[in-house]
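Residue numbers (our numbering), protein chains in the order written: chain A, 1 to 239; chain F, 1 to 212.
To be clear, the hints were calculated from the coordinates, so they are not data collected in a lab.
Every residue gets a Cβ at the ideal spot worked out from N, C-alpha and C, and that includes glycine.
Please note: incorrect hints may appear among the correct ones.
With a straight-line cut-off of 27 Å between C-alpha atoms, the simulated DSSO-like cross-links for lysine-lysine are [said to hold, decoys possible]:
1. A:K74 <-> F:K188
2. A:K84 <-> F:K124
3. A:K202 <-> A:K74
4. A:K171 <-> F:K156
5. A:K133 <-> A:K122
6. F:K121 <-> F:K137
7. A:K217 <-> F:K156
8. F:K121 <-> A:K84
9. A:K193 <-> A:K171
10. F:K137 <-> A:K74
11. A:K122 <-> F:K148
12. F:K121 <-> A:K133
13. A:K193 <-> A:K47
14. A:K47 <-> F:K137
15. F:K137 <-> A:K223
16. A:K133 <-> A:K4
17. A:K84 <-> F:K137
18. F:K137 <-> A:K122
19. A:K133 <-> F:K148
Residues from chain A that keep clear of chain F, each with C-beta distances beyond 12 Å, as calculated [stated by the list, open to error]:
20. L17
21. N100
22. A114
23. R233
Just so you have them, the derived chain F footprint on chain A, three or more residues with Cβ under 8 Å [unchecked claim]:
24. 80–90
25. 121–131
Here are the chains, one letter per residue:
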Amino acid sequence: MTSKQCNDAAEALDGVLFDGMTIMAGGFGLCGIPENLIAAIREHGVKDLTVISNNCGIDGFGLGVLLENRQIRKMISSYVGENKLFEQLYLSGELELEFNPQGTLAERIRAGGAGIPAFYTKTGVGTLVAEGKEVRDFDGDLYVMERGLTADLSIVKAYAGDAEGNLVYRKTARNFNPMMATAGKTTLAEVEKIVAIGSLDKDNIHTPGIFVDRLFKGAVFQKRIERVTTRPREAGANV
Amino acid sequence: MAWTRDEMAARGARELRDGFYVNLGIGIPTLVANYIPDGMQVTLQSENGMLGMGPFPYEGEEDADLINAGKQTITELPSSSYFSSADSFAMIRGGHIALSILGGMQVSAVGDLANWMVPGKVVKGMGGAMDLVAGVKRVVVVMDHVEKSGAPKLLKECTLPLTGARVVDLLITDLGVFETNRGRSPLKLLEIAAGVTLDEIRAKTEASFEVA
Chain A
1 MTSKQCNDAA EALDGVLFDG MTIMAGGFGL CGIPENLIAA IREHGVKDLT VISNNCGIDG
61 FGLGVLLENR QIRKMISSYV GENKLFEQLY LSGELELEFN PQGTLAERIR AGGAGIPAFY
121 TKTGVGTLVA EGKEVRDFDG DLYVMERGLT ADLSIVKAYA GDAEGNLVYR KTARNFNPMM
181 ATAGKTTLAE VEKIVAIGSL DKDNIHTPGI FVDRLFKGAV FQKRIERVTT RPREAGANV
Chain F
1 MAWTRDEMAA RGARELRDGF YVNLGIGIPT LVANYIPDGM QVTLQSENGM LGMGPFPYEG
61 EEDADLINAG KQTITELPSS SYFSSADSFA MIRGGHIALS ILGGMQVSAV GDLANWMVPG
121 KVVKGMGGAM DLVAGVKRVV VVMDHVEKSG APKLLKECTL PLTGARVVDL LITDLGVFET
181 NRGRSPLKLL EIAAGVTLDE IRAKTEASFE VA
C-alpha cells in the first residue's frame, strides 16, 4: 500500500482537483480550517467550485481567498456574515448561495458520509428552508426531508494525525471536520503534527484512518482569531 | 424608563433553573451569563461544539482553537467537553437543551420568530437559530420592543421570513415580558418594566394581547 503521508498540500492535492467539482471544507469561522489546503487550491487555480462549508472565511483569509480569485461558483453554508466580498459577489449574481441551518448542514454531511440519502428534521418546518421539500407528519409533528451531502473532495484540519490517517482534533477546532472527513470521495487532512503510529490513544481517535486518503503536516498555521475577547485580570489575583 | 440591555439580560436570567443546559445567542442573550445566580449550576452550550463554556480568557491567554458560536475567544472549565457539530446539534435537535435565549427581529402573537433575514438587504444566514428554535425545550426571545424607526416588532404576523413557526415560549422586550406559549394560548403581557405604562405598550404593539 502506498503511504497516505504527503510532504505538503500541493502533493496531497496532486491529481485530485478539477473544474466544476464540489469541495467540503472543515472549520467554524476561522477555527479549525484547512488553511494550507485552501492556499494550495488557490495556487492551483481550479474554478467553478461548489464549496460546502459552514462559513466562507473573511476577506483575505480562509475560503475568502478563493472568493477573491473567483474560484467559487456556489456556496452551501449556514452563515456568511463576516465577508464583504461575499456579499458583493452574491448581490451581483456572480456567486450562488444555498443557506442550510447549521444543524441541518452538519447532519446532511454526517448522513452523506454514512450512506444515508435523506432524513427528516423539524428544523426549518414552516420557513423558506422547507420550500419545495417533502414535509411529513411523524407522531403528530411535522418534519422536513433533507438530503445527505457528499463531495468530490473533503479538506479537513486536525491537530494530530498518524501515517494511517487517524486524526485527533483540538477543542472547538473539531466542529465540522469529523463529518466532512467521512463524506468526501477523497479526503485530505492537514495536521499540526504527525505522530508515530501507535502513539495516539486508540480509545480517543476522533476520525479513524479509513476516512482519510492523504495527510500532511501543514507548513504554516496562522490560526487567526476573528474576535479576540478578553476579561480584565482581577486586582491581586495570582497569575 | 424602559429596561436597559443589562436589565433585559437580568430578566432573561430569571428563566434559568439549577441544572439547566442552556444555549445563549449573540448580543443581549450573551449577557445573560453575567446574571446566573450564585450557587445555581447552569451549563452553557456553544453550538460550534462545546459544553461548559468558561469566561473570556485573560489577555495573552487566547486560544485560536477555543471560540464560542459568536467567534469570540473563551475558556474551558474542569467539567467542559468538546464534540463535533453533528453531536452538538444532536443535543439541540434531540431536545437535550433545556433553554435557548436568542435575539429577534420580529415575533408574532402566536410565537412565530423572524431573526435571520431581511429580503433585499444583507443576507447573512440563519446559523444555528432554526435548529435551536425547532429543538430546544423552551425558547425565550430577548429584543427591543420596537425598531429604531419606531415600527412595532411584536406583530399579528411576522412580515419577515420566519426562523420558526410557533416556537417562542416567552418574549422579553425593553418594555415588558409576554407569554407567547408557542401559540397554544392567547398572547399575554406578564410584566411591565418599571416606569412604563400599559398605554405605551399598547401603542407600540401591533398584536393584540391579554394582560395578566
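Results for each hint:
1. A:K74 <-> F:K188: Given pair K74 (chain A), K188 (chain F) is violated - Cα atoms ~45 Å apart, limit 27 Å.
2. A:K84 <-> F:K124: Distance of about 11 Å is within 27 Å: holds.
3. A:K202 <-> A:K74: It is violated: about 38 Å lies between the C-alpha atoms, which goes past 27 Å.
4. A:K171 <-> F:K156: Answer violated: K171 (chain A) to K156 (chain F) is near 44 Å, above 27 Å.
5. A:K133 <-> A:K122: holds, 12 Å
6. F:K121 <-> F:K137: It is violated: about 32 Å lies between the C-alpha atoms, which goes past 27 Å.
7. A:K217 <-> F:K156: violated, 57 Å
8. F:K121 <-> A:K84: holds, 13 Å
9. A:K193 <-> A:K171: Measuring from Cα to Cα gives roughly 15 Å; hence the hint holds.
10. F:K137 <-> A:K74: Distance ~35 Å between K137 (chain F) and K74 (chain A) Cα, so the pair is violated.
11. A:K122 <-> F:K148: With Cα atoms ~33 Å apart, K122 (chain A) and K148 (chain F) exceed 27 Å; violated.
12. F:K121 <-> A:K133: This hinted pair holds, its Cα atoms lying about 25 Å apart.
13. A:K193 <-> A:K47: Given pair K193 (chain A), K47 (chain A) is violated - Cα atoms ~30 Å apart, limit 27 Å.
14. A:K47 <-> F:K137: violated, 44 Å
15. F:K137 <-> A:K223: violated, 36 Å
16. A:K133 <-> A:K4: violated, 40 Å
17. A:K84 <-> F:K137: Violated: K84 (chain A) and K137 (chain F) sit about 36 Å apart, past 27 Å.
18. F:K137 <-> A:K122: holds, 13 Å
19. A:K133 <-> F:K148: violated, 36 Å
20. L17: holds, 25 Å
21. N100: Non-interface label on N100 (chain A) violated, nearest chain F Cβ at 8 Å vs cutoff 12 Å.
22. A114: Violated, since 10 Å does not exceed 12 Å.
23. R233: violated, 5 Å
24. 80–90: Coverage by chain F holds for the stretch 80–90 of chain A (5 residues, Cβ < 8 Å).
25. 121–131: Coverage by chain F holds for the stretch 121–131 of chain A (9 residues, Cβ < 8 Å).
Comparing the model with each earlier hint shows violations of hints 1, 3, 4, 6, 7, 10, 11, 13, 14, 15, 16, 17, 19, 21, 22 and 23; every other hint is respected.
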